[in-house]
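In order, the protein sequences belong to chains D and Y.
First residue of the first sequence: 1, per the numbering used here; consecutive thereafter.
First residue of the second sequence: 1001, per the numbering used here; consecutive thereafter.
Take the hints with a grain of salt, since some may be wrong.
Unchecked claim - Cβ-to-Cβ under 10 Å is the rule here; a few derived chain D residues that face chain Y:
| # | residue |
| --- | --- |
| 1 | Ala135 |
| 2 | Ser179 |
| 3 | Ala180 |
| 4 | Met207 |
| 5 | Gly211 |
| 6 | Thr236 |
| 7 | Arg237 |
| 8 | Arg250 |
These are computed hints drawn from the structure, not numbers from a lab.
For every residue, glycine included, the Cβ atom is placed at its ideal position computed from N, Cα and C.
Listed below are the residues making up each chain.
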Amino acid sequence: MVDDGPIISARDVNFFYGAFHALRGVSLDIRANQVTALIGPSGCGKSTFLKLLNRMNDFTPGARLSGEILVAGRSIYGQDSDPVSIRRLVGMVFQRPNPFPKSIYDNICYGPRLIGAKKKAELDALVEKALRAAALWDDVKDKLGKSALELSGGQQQRVCIARALALEPEILLMDEPTSALDPIATAKVEEWIKSSGMSIVIVTHNMQQAGRVSDYTAFFYMGELVEFGPTMDIFTRPREERTENYITGRFG
Amino acid sequence: MTGGSFVRELADLRQKLVDMGKAVLTMVETSVEALLSGDEEKAWWVINHDKDINAQENQNVDRAIRLIAMNQPVAGDLRFLASSLRLATELERIGDLGANLARRVLGVAKLTKEGAEIGPTPPELSSMAQAATSMLAKALAAFNERDSVAAELVLTLDDVIDDFNRRVRKLVLGSIYANGHLAAWGLEIINTSERLERLGDHATNLAEEVIYVAHGKNVRHKY
Chain D
1 MVDDGPIISA
11 RDVNFFYGAF
21 HALRGVSLDI
31 RANQVTALIG
41 PSGCGKSTFL
51 KLLNRMNDFT
61 PGARLSGEIL
71 VAGRSIYGQD
81 SDPVSIRRLV
91 GMVFQRPNPF
101 PKSIYDNICY
111 GPRLIGAKKK
121 AELDALVEKA
131 LRAAALWDDV
141 KDKLGKSALE
151 LSGGQQQRVC
161 IARALALEPE
171 ILLMDEPTSA
181 LDPIATAKVE
191 EWIKSSGMSI
201 VIVTHNMQQA
211 GRVSDYTAFF
221 YMGELVEFGP
231 TMDIFTRPRE
241 ERTENYITGR
251 FG
Chain Y
1001 MTGGSFVREL
1011 ADLRQKLVDM
1021 GKAVLTMVET
1031 SVEALLSGDE
1041 EKAWWVINHD
1051 KDINAQENQN
1061 VDRAIRLIAM
1071 NQPVAGDLRF
1081 LASSLRLATE
1091 LERIGDLGAN
1101 LARRVLGVAK
1111 LTKEGAEIGP
1121 TPPELSSMAQ
1131 AATSMLAKAL
1141 AAFNERDSVA
1151 AELVLTLDDV
1161 IDDFNRRVRK
1171 LVLGSIYANG
1181 HLAAWGLEII
1191 NTSERLERLG
1201 DHATNLAEEV
1211 IYVAHGKNVR
1221 HKY
């Protein structure tokens, strides 16, 4: 995989939910075309940080942010930035598969249609490309008209990945994407993550998963970024005692 | 991910390796005593003890593999368990060397009984045996205490042992060149010296493992 330098740069990011200081001075460069895992105990700020990367906290009451986040060189909280165009650049896959109650085909086309894609040939090509990229094409190519809700959990999650990919984002955010899946479905999604070649930021509670799929790992604790580095280093010789205690299960 | 029982089992494995270390140190010390005194009984004790060490190696390797398989360890736990596999093997080889040294004692005793010519034991061999035993004791103490600074010091001691080996070899070869009848005895002494030199290498390996477990720094093959 090519490492092309940072595609996301967070600079001294502080984030508050009302009086609660959820992120404390987080600065982090996320590298292009690499998988970055965000780990840490519940409430450490990892999901908050992930959601900031495509402005998912815009409507959270009492939310306040300071610092700067650059995505592909653009400040996404700058005055002239538009959340819709940011979300085209930064796709997201959630914890539970959430396909629309529509056909597989219509799920994938939903975003592209919203931004004006109409021609059938164009949409057909786009559906195939997105499903292939999500490693789902061979499973569903003969039943594209079938409801996405009839698929297995792992297939539904890959429909959601394909739906996100249909807008050709540069970055994919994944918030515990396999926590609702069985081991086989998890393996399929993990395989996709590893082979995608995309810039992916994944929040996971599963330490082994972070070890399996990511190139870089960031450990958050109580709103702070404690340690960031190549996953191999974090999992074999972390520099910080708090990282060691967390990943070896000696917290609390 | 890791419960209290995993932490207890790690501590238990560490203690088993410490015990195995004490056992091989006793074997080496006893074989050196046998070497310096010619005490055949002590030599036989060491030889008979070796199978216990072999069994301990298997048990400790099995323990480490089971803990790795069941707990997917990371960071310090992973380094310790990976190292345990090597440590158990190193300790087993040290046990073999102790038994080998004891066999050389029996070899010299047999030559004496057969009336073969026996040369004087070079004083360097005694010094070497003491230095090698002391180096092993220090490496094991560094492991027991998780003391990477002490382990770094152990790494500096191997050159002394290597130098003794060269000197013993030269002295014994000199004796053989002067009197060919000393060849059988000389071979036993050179063999003994080579075993002691290997003992220094294994003590070095133990010390390198202590540094790896402490810092994740691989210093193997650098000394």
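Hint check:
1. Ala135: Result: violated, 25 Å to nearest chain Y Cβ.
2. Ser179: Since chain Y brings no Cβ nearer than about 15 Å to Ser179(D), farther than 10 Å, the hint is violated.
3. Ala180: At about 19 Å, which exceeds the 10 Å cut-off, the nearest Cβ of chain Y leaves the hint on Ala180(D) violated.
4. Met207: holds, 6 Å
5. Gly211: holds, 7 Å
6. Thr236: With Cβ-Cβ at 6 Å, under 10 Å, it holds.
7. Arg237: holds, 3 Å
8. Arg250: Arg250(D) check passes; min Cβ-Cβ to chain Y is 7 Å, inside 10 Å.
Of the hints listed earlier, those the structure fails to meet are numbers 1, 2 and 3, in rising order.
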